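Undergrad: Position chains B, C and D against the provided structure of chain A, taking the given hints into account.
There are 4 protein chains.
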Amino acid sequence: MIITLKRDVCRSVFELVVGRVKKLGYEPHISRGKDFTVVGMIGEGADKWKESFESMEGVEHVSAIQKPYKLASREFKKEDSIVEIGDDIKIGSKKVYIMAGPCSIESREMVLKIAKAVKEGGATILRGGGFKPRSSPYTFQGLGEKGLKYMREASEEFEIPTISEAMTVEQVELVGKYCDIIQIGARNIQNYDLLKAAGKQKKPVLLKRGMSTTIKELLLSAEYVLSQGNYNVILCERGIRTFEDSTRFTLDLNAVPVLKKLSHLPVILDPSHGTGVREYVSAMARACVAVGADGLIIEVHNCPEEALSDGPQCLLPDQFKSMVKELDVIAKAIGRYIL
Amino acid sequence: MIITLKRDVCRSVFELVVGRVKKLGYEPHISRGKDFTVVGMIGEGADKWKESFESMEGVEHVSAIQKPYKLASREFKKEDSIVEIGDDIKIGSKKVYIMAGPCSIESREMVLKIAKAVKEGGATILRGGGFKPRSSPYTFQGLGEKGLKYMREASEEFEIPTISEAMTVEQVELVGKYCDIIQIGARNIQNYDLLKAAGKQKKPVLLKRGMSTTIKELLLSAEYVLSQGNYNVILCERGIRTFEDSTRFTLDLNAVPVLKKLSHLPVILDPSHGTGVREYVSAMARACVAVGADGLIIEVHNCPEEALSDGPQCLLPDQFKSMVKELDVIAKAIGRYIL
Amino acid sequence: MIITLKRDVCRSVFELVVGRVKKLGYEPHISRGKDFTVVGMIGEGADKWKESFESMEGVEHVSAIQKPYKLASREFKKEDSIVEIGDDIKIGSKKVYIMAGPCSIESREMVLKIAKAVKEGGATILRGGGFKPRSSPYTFQGLGEKGLKYMREASEEFEIPTISEAMTVEQVELVGKYCDIIQIGARNIQNYDLLKAAGKQKKPVLLKRGMSTTIKELLLSAEYVLSQGNYNVILCERGIRTFEDSTRFTLDLNAVPVLKKLSHLPVILDPSHGTGVREYVSAMARACVAVGADGLIIEVHNCPEEALSDGPQCLLPDQFKSMVKELDVIAKAIGRYIL
Amino acid sequence: MIITLKRDVCRSVFELVVGRVKKLGYEPHISRGKDFTVVGMIGEGADKWKESFESMEGVEHVSAIQKPYKLASREFKKEDSIVEIGDDIKIGSKKVYIMAGPCSIESREMVLKIAKAVKEGGATILRGGGFKPRSSPYTFQGLGEKGLKYMREASEEFEIPTISEAMTVEQVELVGKYCDIIQIGARNIQNYDLLKAAGKQKKPVLLKRGMSTTIKELLLSAEYVLSQGNYNVILCERGIRTFEDSTRFTLDLNAVPVLKKLSHLPVILDPSHGTGVREYVSAMARACVAVGADGLIIEVHNCPEEALSDGPQCLLPDQFKSMVKELDVIAKAIGRYIL
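As they're listed, the protein sequences go chains A, B, C and D. Its first residue numbered 2, the first sequence is counted upward by one per residue in my numbering. Its first residue numbered 2, the second sequence is counted upward by one per residue in my numbering. Its first residue numbered 2, the third sequence is counted upward by one per residue in my numbering. Its first residue numbered 2, the fourth sequence is counted upward by one per residue in my numbering.
Only chain A is shown next, with the shape it has when bound in the complex (with noise of 0.2 angstroms):
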């Protein structure tokens, strides 16, 4: 931790800063120059009286110099991590994981009837919500436990996994007992209690970065999950808030190779959301997958116009099938492939 003081601070101030330093147990290492007096304290722990240092009359800026998380760092874990799920799939593997599905589960025939379309066009991984976060009391909140079961099923009949989310402590546990992978949603990326309660089973957790998390909060909130003892976290980056209006939201893409420098977790992206418009999602998923991406989350529906939710963010099973098969020509001409 680096402490700037202010300029022309007397000296009684600098002997309370470098006083604090001792008596925390570290060693202060200064620094001046004709304007300025740096105060370095550096060591384990250091960095988490950087609040305490600021709140100090006297003292113009403090910066950290250490991660404030750790088990998500790559200083921690050097190697990429796998999330594997059954015998077959290992997200954060050279495949290219592609995971799709309606927004909500509206009814079993529904989601049946999709299940069998993404199979077919080229998924790994069923998508459905049986709990939607949605912005308004008035609109369709999802199906909830029945919605997980005809997911279950659909999940049966095709041989293909599933991720829901779980929106509270008690639906971890119940997408967990029905689903294989645990969504996590961006409005509950600071939901700390279901944080925890994800770190605290084993199933797989997939986090989506909140529309303001900054990477660093995300991170930090990947480390709640870490730090319970579930290692099985998928990073997911979906579209950020921004003044751009001609798309819902700004699909960050600098988030994936920041995300692989300062982590070793999985890396997925969600141009469906991201983007917010059809027409958008094919071409935003070449560069999801171009840009390192280990997996992408995609909307399908097979009759958008009478979709309960996000209907017009949806691709249908046609357009789904035709994209995936573009995305695996590029995902083999960076060594990596889907199908």
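Some hints could be false.
Heads up, the list lumps identical chains together, so a pair's fine if it works in one copy or across two of them.
As the list claims (entries may be wrong) - Here are the simulated EDC-like cross-link-like pairs (lysine to aspartate or glutamate), alpha carbons at most 20 angstroms apart as the crow flies: (1) 49 - 36; (2) 23 - 306; (3) 23 - 307; (4) 203 - 89; (5) 201 - 171; (6) 95 - 327; (7) 68 - 55; (8) 79 - 280; (9) 96 - 327; (10) 117 - 48; (11) 197 - 171; (12) 35 - 80; (13) 326 - 36; (14) 203 - 171; (15) 7 - 154; (16) 79 - 158; (17) 203 - 85; (18) 147 - 327; (19) 262 - 280; (20) 24 - 174; (21) 51 - 28; (22) 120 - 28; (23) 114 - 329.
Honestly, the hints are just simulated from the structure, not real lab data. Note that the structure is predicted; figures quoted are calculated from it, not measured.
TA: Chains B, C and D only, in chain A's frame:
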């Protein structure tokens, strides 16, 4: 709802759209220009079909004309709502209420000391956290119920009602047991189960806008609480996330006249979180009163450098006291009062 | 400047960095922790090598400790700067100045009529555009020099100084010929040749912060003007671009205490552009005075629906007059005055 | 244009609005619901009255239905535009063009050395700045015309056309004299006199989106150039300003499919500025090619730590060369090519 069709759309698409409008029970209002065709679908509930029409091929754009929230809207209730606590406190009236206290409750002694100081300084409500949402799992997470008990003791000793945050459904009951107002924090503004739980009990609820929540979404979150039968909702703006990094957040004062126009609910501002820097709090608090806030929420600590959270933005008790005196003069200049 | 080396950096990289610091004429201050090595390079001009050290392999992070602007900084000049116009106007003094008038000058009659109204309403400076930056090439672009002449006539008839925008180097001279303050608009805040031209003449310059300009960048733009010898610079915050769309921009009031801390230059606020909506202007203007603005700039039009630009945010003359009376009361509450 | 009236608006206001629509020469299309009245005003030029109707009392909302740009729109020209330079370069065709070189031209030797390296590495156009927009007046401002002469020399020696930035009207002519493409930088995207000057000459113009320019505004700025008669316009996305601070900007790849839908103009991406960090450039460049960019602009420097600007984001010549080979494989995977 206004449906604009794409240029040069073929006859059959036009008929599909118009047919759909009729099938849903509305009369289509058709306007044709040289280049555009617009179909109006006006009446109760029309706007809920927005996404559905957006999902149709041939549709360029759909704009809603009704507001998606009802109970929170100024149309639903013309006069300002007043949230009452005990006999004396009427938030939303001419009096501007000051909620003050530490970020988190660190000990019994500390909360008693600060409660005394803020009461003397002009605060009418004591704030303090028992449960703390912290972005890192390795920082102080609050004293929990023990903290709430200390707070209750301070409340009784100094005759000052209290506000504290609930982060889970269970904590809603717990905070309600010890405190007078239940705060839903910025990170939980779209935690819908929590909102519903807050709506199912009777204590007043203070809803903090998330760091990237639009005003429309804030009112929709309020609607979740209201629609469960609890009408004692207070809105709170506490800073939004922008590109500017000289302050921790950008306090959005525009939100006050906008919310006052759109809604009847009282509006509180949080200049402590909204700036994140002690020396900016007083100036912004003056602006908050002048713009028409019904109250302020301010962090005060007797020893900021030893605070376990948010030290850099805490006022000292003396700074708080002199600030409130200044604020009272401004309140009186606009026909309101604090002291 | 503080250079943090990557973990486990090899000895030769460390020596390369330290050698470079010495070669540039500074003494390296080395601090070593278990995990990190930090090299301090402190002294006049050190920070200008920031990017250069960031470009070196093995360097994790470099943080500057000096401010990149000088003449604009509070360190350079402790007391508040006052910009004088004629004998009476002293912007930055206890009096808060109101600049008011139409967005663009549309005719001689119009500017005379509005000049009379705003003068009577309490304005001390007349605003109005001869040259207009319009995002579309197909909208009204201003009357040009003819407009400035009308403005000069109004200025003389009603004894009120004027401010108008210059968009090019040539217009700096032209606006300076007819008006008392030259405005550099938000879109030109990083048009450096224009800034230099404004710095090479003597008329006061009002610099409007761009819609995504950081406060640091605003002060650097001011530095361009100051460094050419013109010290009569007024800063103006007019709303920044954020995700919120219920207002045209988000007026950043935090900027006032931040600028007052970092700089000695007067600060003006523009609630008309900062909200973009007539009915929000008065509330925000009150907040602007309370937060400590040295002046306001307000759009007034006698017939907003016939305005050729910015009609929706213009106040009517009567609204303006009653607003200024209210603002004067708030100004007096904080020891300043308007009327 | 669709005009929505406020609820419970009185008869006289309704008649005022309808009368105004008629007076402007349009036929009003009136739709009435229980709660709302909507007036459609459709036809050539209707949308230019948007602000005027918004300014009227009793009007709740006005939405435009035509696009405010014409010549830049896909409606105006269905097929993709191709910008030609000499006989060989056809930007917007199947070939993806790589523009590469230093941020600023620092010396004759340097530009010759880098020109050779980027040509060998697969670049088809040499980039480099003679005039540099720098946020601080105290940093290197470019060699000016001398730099352009060195660039011309490099261009002739290595048979590679060039692009360089013009910051003023005079520089448009100067850059046009020495270079093949004139760049308008992000900071000047709404410098309308500069845009007009670029439109009045014949050399191709590359327009860089500003850091907070919406896509609509970018197309309006292009319209300024096009409307002067120069149809050789290339759009460039180079990163927008968001809250995320782990990269210098957020490269908005969504912009590519959006621009391709709305406009016929070629689109180039700048992953160097869009990330600001050398080690992220290659991954993002791959995404840029995959999403459908017609070209890339990349900063390359043979000694980044001695670069006078932008060193941290420059690739070394070897890194550049191996990146272009990778990009070519991706280009071929989507039916295009680079080498």
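Undergrad: In ascending order, which of the hints set out earlier in this document are inconsistent with the structure?
TA: Hint check: 10, 12, 13, 15, 16, 18, 20, 22 and 23 fail, others pass.
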